[in-house]
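For chain A, the structure is supplied; the task is to place chain B on it using the hints.
Those protein sequences? They're chains A and B, same order as listed. Residue numbers for the first sequence follow our numbering, so the first one is 1 and each next one is one higher. Residue numbers for the second sequence follow our numbering, so the first one is 1 and each next one is one higher.
Derived from the structure by calculation, the hints contain no laboratory data. Cβ coordinates follow ideal geometry from the N, Cα and C atoms, glycine included. Certain hints may be false.
What the hints assert, rightly or not - Across the chosen pairs, the derived CB separations fall in these ranges: (1) A:Lys-85 to B:Asp-316: 48 to 56 Å; (2) A:Ser-70 to B:Glu-183: 53 to 61 Å; (3) A:Lys-85 to B:Ala-40: 37 to 45 Å; (4) B:Glu-309 to A:Ala-69: 29 to 37 Å; (5) A:Arg-53 to B:Asn-263: 23 to 31 Å; (6) B:Glu-309 to A:Ser-70: 35 to 43 Å; (7) B:Pro-128 to A:Ala-74: 53 to 61 Å; (8) A:Pro-100 to B:Ala-225: 47 to 55 Å.
Unchecked claim - Incomplete in silico selection of chain A near chain B, CB under 8 Å: (9) Ser-33; (10) Leu-49; (11) Arg-52; (12) Gly-56; (13) Pro-100.
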Amino acid sequence: MTSPGDSGTRETWALWEVFIRSSRGLSYVHAGSLHAPDSEMAVRNARDLYTRRGEGVSIWVVPASAITASDPDARGSFFESPKGKEYRHATYYTKTESVPHL
Amino acid sequence: MNPVTEQAEIRSDNDTAGQRRFDELLANEDRVEPTDWMPAGYRKTLIRQISQHAHSEIIGMQPEGNWITRAPSLKRKAILMAKVQDEAGHGLYLYSAAQTLGIDRETMFEQLITGAARYSSIFNYTTPTWADMGSIGWLVDGAAICNQVPLCRCSYGPYGRAMVRICKEESFHQRQGFEILLELMNGTGAQRAMAQESVNRWYAPALMMFGPPDEDSPNSQQSMAWNIKRFGNDELRQRFVDMLVPQAEILGITLPDPAIAWNEDRGHYDFGELDWDEFREVLAGRGQANAVRVARRRRAHEDGAWVREAARSYADRRANETGELAS
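Chain A extracted, bound-state conformation (with noise of 0.2 Å):
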């Protein structure tokens, strides 16, 4: 039996992120994370908490510790900025509007 306060018994279970495909041929989204002692658990955790209505036919889960994220911090410079490139888009091109099936 366990105390509350009792640093001894700490749960440190690690981390992971759940990923749900929804149905085939689509990809898997990242649902929300939970903690698990392992991978199994992980599955089965996860199955129980982001798929009670049916919200998937697979599931990922992945450490969190293995995911590499870019810094939020320096989205500015990391990020290619949009401004002046109108032209990646379809919607720049204007003067074919009228053109059928373009």
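Chain B alone, transformed into the frame defined by chain A:
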């Protein structure tokens, strides 16, 4: 653990560039994410609110769990189990959201079972009759939905996202409660009386779930400025009463407040004063079931220690065997 994905590094509070960026995000109705700089007060408020919310979901399983074994049919039993399971899930979404602010789950569990943290006072009322399962769904979950829908737009990203998921699931909770009462109201005289008696008990406490009147709710204004809260307590309460009155008519049930009357000028229903002394009493721990709720939660946590320990040592052993990452 990777600081980028979950446990945000807590940076210095005296960060003028951070403050500017934070103010900008709020002004643009943008979301704050765990890795963004945020004022210490914002973080603290959110930890308190989200963890209380999580605790409410976890404690909220008890009043209904009370009826699972005695539900009147297999269908109702299955529905009630699904609902209680949802509540466990909602608690987990919310604990995860709170953890992104830098508090660990064990600390939150401890705060709950030692009484250091609060949960919604509504769960300190007992559920002596089956009709209470109806009243909880219709009135308690109804009030919760009213409160929670605006929280989907809360400025803190992880909280808003958790709320979207929760609100989606919560609508079944309210409907099944309404249906329980509707069936009782279409039943025998004794069943109708049971439904009415239950609504008589739950109506006022459900209205108090929105919190004290705005003038007695000192933290509300700051929460509104931070885009955590979107509407005042009184406005949400009014919105709820306006929804309840026509629903009560469909049920054929009487809301236990003789002051309820349509006010043409305001375009809303008037309703009577609530007993805020009772609210404060329950909040102070002197409700019907405060002690029982916390004691039961503590026992469940302590009784589950061996399961957590077993899972942990199994995972450790497997990690040694397979080289799989364990923590």
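Here is what the structure says about each hint:
1. A:Lys-85 to B:Asp-316: 48 to 56 Å: holds (52 Å)
2. A:Ser-70 to B:Glu-183: 53 to 61 Å: Since the Cβ atoms of Ser-70 (chain A) and Glu-183 (chain B) sit about 55 Å apart, the hinted range of 53 to 61 Å holds.
3. A:Lys-85 to B:Ala-40: 37 to 45 Å: holds (40 Å)
4. B:Glu-309 to A:Ala-69: 29 to 37 Å: holds (33 Å)
5. A:Arg-53 to B:Asn-263: 23 to 31 Å: violated (40 Å)
6. B:Glu-309 to A:Ser-70: 35 to 43 Å: With Cβ atoms ~38 Å apart, the hint holds.
7. B:Pro-128 to A:Ala-74: 53 to 61 Å: Roughly 59 Å apart at Cβ, these two residues keep to the hinted range, so it holds.
8. A:Pro-100 to B:Ala-225: 47 to 55 Å: holds (53 Å)
9. Ser-33: holds (6 Å)
10. Leu-49: With a minimum Cβ separation of about 5 Å from chain B (threshold 8 Å), the hint on Leu-49 (chain A) holds.
11. Arg-52: holds (7 Å)
12. Gly-56: violated (13 Å)
13. Pro-100: violated (40 Å)
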